[in-house]
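J.: Could you build the full structure based on these sequences and the hints that come with them?
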Amino acid sequence: MDFGVLIQMIVWGLYAGCIYILLAIGLNLIFGVMKVVNFAHGEVLMLGAYAAFWIYTFSRINPYLVIPVSMLLIAILGVFIERLGFRPIMGTGKLNEIFLSLGLIYVFQNLAALLWSADSRSIHSPYSNVVVHIGAIKLPLDYLIIIVVTIVFLIAFQLFMKKTTIGRAMRATSQNREAAALMGINVERMDMLSFALGSALAAAAGSLWLISGQMANPYMGAIPAVKAFAVVIVGGLGSIPGAIIAGLILGIGENVLPYLLQAFVAVFHVEMSFTAWKDTIAFFLLIIVLILRPTGIFGEKGE
Amino acid sequence: MKLDRLSIKAYLGIVSLILALLIPLIFGFSHYLLTVLILMLVFIMYASAWNLLALSGQGSLGHAAFFGIGGYTSAIIAGSLGISPFATILVGGLFAAFIGVLIGLTCVRLKEWFLAMVTFGFAIIAHTITTELSWLTGGWDGIPAEKLISVTIPNYILYEYYLVLLITVIVIAIIYLIMKSKIGLALEAIRENELEAKVMGINVTKYKLMAFAVSAFFAGVAGALEIHHFGYITPEVYGIDLSFLPIIYCISGGLFTIEGPILGTILITLLDEGLKNFGFTYERFVIIGLILVLIVIFLPKGFVSIPEKIKSMLKSHS
Chain B
726 MDFGVLIQMI
736 VWGLYAGCIY
746 ILLAIGLNLI
756 FGVMKVVNFA
766 HGEVLMLGAY
776 AAFWIYTFSR
786 INPYLVIPVS
796 MLLIAILGVF
806 IERLGFRPIM
816 GTGKLNEIFL
826 SLGLIYVFQN
836 LAALLWSADS
846 RSIHSPYSNV
856 VVHIGAIKLP
866 LDYLIIIVVT
876 IVFLIAFQLF
886 MKKTTIGRAM
896 RATSQNREAA
906 ALMGINVERM
916 DMLSFALGSA
926 LAAAAGSLWL
936 ISGQMANPYM
946 GAIPAVKAFA
956 VVIVGGLGSI
966 PGAIIAGLIL
976 GIGENVLPYL
986 LQAFVAVFHV
996 EMSFTAWKDT
1006 IAFFLLIIVL
1016 ILRPTGIFGE
1026 KGE
Chain X
52 MKLDRLSIKA
62 YLGIVSLILA
72 LLIPLIFGFS
82 HYLLTVLILM
92 LVFIMYASAW
102 NLLALSGQGS
112 LGHAAFFGIG
122 GYTSAIIAGS
132 LGISPFATIL
142 VGGLFAAFIG
152 VLIGLTCVRL
162 KEWFLAMVTF
172 GFAIIAHTIT
182 TELSWLTGGW
192 DGIPAEKLIS
202 VTIPNYILYE
212 YYLVLLITVI
222 VIAIIYLIMK
232 SKIGLALEAI
242 RENELEAKVM
252 GINVTKYKLM
262 AFAVSAFFAG
272 VAGALEIHHF
282 GYITPEVYGI
292 DLSFLPIIYC
302 ISGGLFTIEG
312 PILGTILITL
322 LDEGLKNFGF
332 TYERFVIIGL
342 ILVLIVIFLP
352 KGFVSIPEKI
362 KSMLKSHS
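For the record, the sequence lines run as chains B and X.
Just so you know, the first sequence maps onto residues 726 to 1028 in this note's numbering.
Just so you know, the second sequence maps onto residues 52 to 369 in this note's numbering.
Take these hints with a grain of salt, some might be off.
Result set (DSS-like, lysine-lysine): computed pairs, CA atoms no more than 27 Å apart in a straight line [unchecked claim]:
#1 X:K162 to B:K760
#2 X:K162 to B:K819
#3 X:K257 to B:K819
#4 X:K360 to B:K819
#5 X:K366 to B:K819
#6 X:K162 to X:K60
#7 X:K352 to B:K760
Hints in this document: simulated from the structure, not taken from any laboratory.
These numbers come from a predicted model, not from an experiment.
T.: Encoded structure:
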């Protein structure tokens, strides 16, 4: 086993983990405030990536500057999803949320395929050839930027939730909706805001992914969103630190485990590749955690 | 003559069955039409199986796992041992039921989103296992599956249609009997309030696992029928689409009812085929998605509740 390769894999895992974390924080925020889960969150990521792609294609500015615009556009979309979709079915049962999300997935995926074709699109980042050397580790500059941007987003998000009046109002709403309403908080506005903010974070994830060299296509969001939701559950519904830790575990685990397993069976002179299992690791993790602890690692109460 | 609700339903059921028997005679013998109808029947079974599990409050997002496991088991046994597909379809269903119980065991403590995610995950895991066991399953290319009725027989598709129709009627009858029996009531009690059901002396774990087993069995049978109809099977049977379709059919038709999945499958399949013939590709999924969203918001009990809605609207106007 080559430790250089292993460290390289951990770095890739950190990068993938950032995308999961951004998605998971958004899902967590929406769940906290509204107690609903938007399963179509991955499609929001996809639309964010497309927004970034089109703005970049027409303006040709530095792709990283496109991210805020994409976030703003998708935040507005988030408001529409909340107003027109989830608001009318609140309180009618959890199964309805799943069904509504399914409908939204069909609408967004196929609308995107209809408008922009199913071809994969990509952006050429100006830094795509720049590699930073930290000791023996080779780190593409884009990955480093994504990790830093994610950390900045997380700090800004925490400050917003802890220090601002709106952030406090949102936390109050997620703790006790009725009491918050009685204290004069407009809880419906908090619903709207949580959807806007959650969607904007998904758009940021989508844009960052596109810039770092991933392809955008109408179906790109489905699997990352499901994994992000697995991250939310594993970390415990509503727990932000849980989501961060679980996101990193998944990101790194996904990249490192297949490699470790391959090295392990090589000891017994068996040649086997485990890369095909990459997408299943999130669910094995989810199933194991839920069997041992149905509320997730950091969760306090079950749903 | 005054008919009460139940007899209207029974009456409609018999009429639609007669219609299904006569369709090849009325519309003429068309290979395309019969193929659409056979797949429609397969999906009626599949959607009804999903509905039975949903009846217990367990909304699966990964039923394609059972559909695919049933299909692969049946195709592999029929292919390697040379047993008639008529027998292997049952074996496929039984193996799917066995896996269903195993998955059910991990799900008994879970609800709603947690359960949805775990079942979704199992479908992805089943997909990966199948593609990785390529010596058995042919990997991504899949394997041939013996045709249900040999293509060499003239008008084989007509026989196939009546055969699948017969199986569908039997499956629907069994699911109907289960739903109307004590088991069905217990499942509904668990869905409404698990704790209360437990207090009333219902063995929640037993009934939940039973729902998983029966639902997986019929989903497996439906999957086996589909692939023996096509004559081949590929890992696409585990596709996310195939997990979502029965849900769409059940919601649009009417959840937790026997006629809902049937009506939903027929209407959505006809709509889909109709739009396909107009040359719509992605548009038709956008339309179906929109219909799903609108139904969840405005018609949560599905198409079967339309007569009641109209009745109550007329009442409120007069």
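J.: Given the hinted pair X:K352 and B:K760, is their alpha-carbon gap at most 27 Å?
T.: holds (23 Å)
J.: Starting from X:K162, check that the Cα of X:K60 is at most 27 Å away, please.
T.: Not OK: X:K162 and X:K60 at ~32 Å, beyond 27 Å, violated.
J.: Sort out whether B:K819 lies within 27 Å of X:K257, counting only the CA atoms.
T.: holds (23 Å)
J.: If you draw a straight line from the CA of X:K162 to the CA of B:K819, is it 27 Å or shorter?
T.: holds (9 Å)
J.: Would you mind confirming whether the straight-line C-alpha gap from X:K366 to B:K819 stays at or under 27 Å?
T.: violated (31 Å)
J.: Holds or violated: are the alpha carbons of X:K360 and B:K819 at most 27 Å from each other?
T.: Answer holds: X:K360 to B:K819 is near 23 Å, not above 27 Å.
J.: Is the straight-line distance between the alpha-carbon of X:K162 and that of B:K760 27 Å or less?
T.: holds (14 Å)
In this structure, the hints that do not hold are numbers 5 and 6, in rising order.
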